[in-house]
Amino acid sequence: MKLESTLPERPGLIFVTPGFDFVLLLLALVMLTGVVARESLVEVQLPPSEFRGVRIAEEKLVLVTVRQGRDEPVFYVGKEKVGRDQLEVAIQQAVDSKSTSNVTVQCDERISLGVEQELTDLVTRLGLRYFRVVSTRKDGDKP
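Using this note's numbering, read the sequence shown as starting at 642 and increasing by one per residue.
You can take every hint at face value.
In silico lysine-lysine, BS3-like type, Cα no more than 27 angstroms apart, as pairs:
1. Lys739 <-> Lys720
2. Lys701 <-> Lys739
3. Lys701 <-> Lys720
4. Lys722 <-> Lys701
5. Lys722 <-> Lys739
Distance ranges between label pairs, derived from CB positions:
6. Gly768 <-> Gln686: 27 to 33 angstroms
7. Gln734 <-> Glu713: 18 to 24 angstroms
8. Val683 <-> Arg751: 44 to 50 angstroms
9. Val664 <-> Ser690: 49 to 55 angstroms
10. Gln686 <-> Gly660: 46 to 52 angstroms
11. Thr647 <-> Met672: 35 to 41 angstroms
12. Tyr717 <-> Asp762: 17 to 23 angstroms
13. Lys643 <-> Leu665: 34 to 40 angstroms
14. Gln758 <-> Glu721: 19 to 25 angstroms
15. Glu721 <-> Thr674: 55 to 61 angstroms
16. Leu670 <-> Ser690: 42 to 48 angstroms
17. Gln733 <-> Arg708: 18 to 24 angstroms
It should be emphasised that the hints constitute simulated quantities derived from the structure, not laboratory data.
Small disclaimer: the values here were computed from a predicted structure and weren't measured.
Ideal Cβ positions, reconstructed from N, Cα and C, are used throughout, including at glycine.
Turn these sequences into a full structure, and let the hints guide you.
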């Protein structure tokens, strides 16, 4: 009685299977070493554009804060309390000492629009750049 093979007619495929395993192992090693390899980053600095804003944190600026007092608004240039009649001189001195032309105005939420407009006119009359700080907190949030 003659022995019959239970394998298909081309048994050569069985001998190729370890080759596929070896290729998959090499592929896995290449992919893992690519993930582990240290990548260097490149910083891209775009030229200034009128359509892209400037982050205020990168600018030297003079901060003018307006708070609502008992009767009238209280003005601060930097951390120094200034009277309303001395505001223009104080802003000009602060701008000269910091050698900048940027003035940021931060108003209390109870300040009238007229006071804000008066301060805006003062800053633009001095020929300075005007920035306004806007609070994004919600009504239920604590100040």
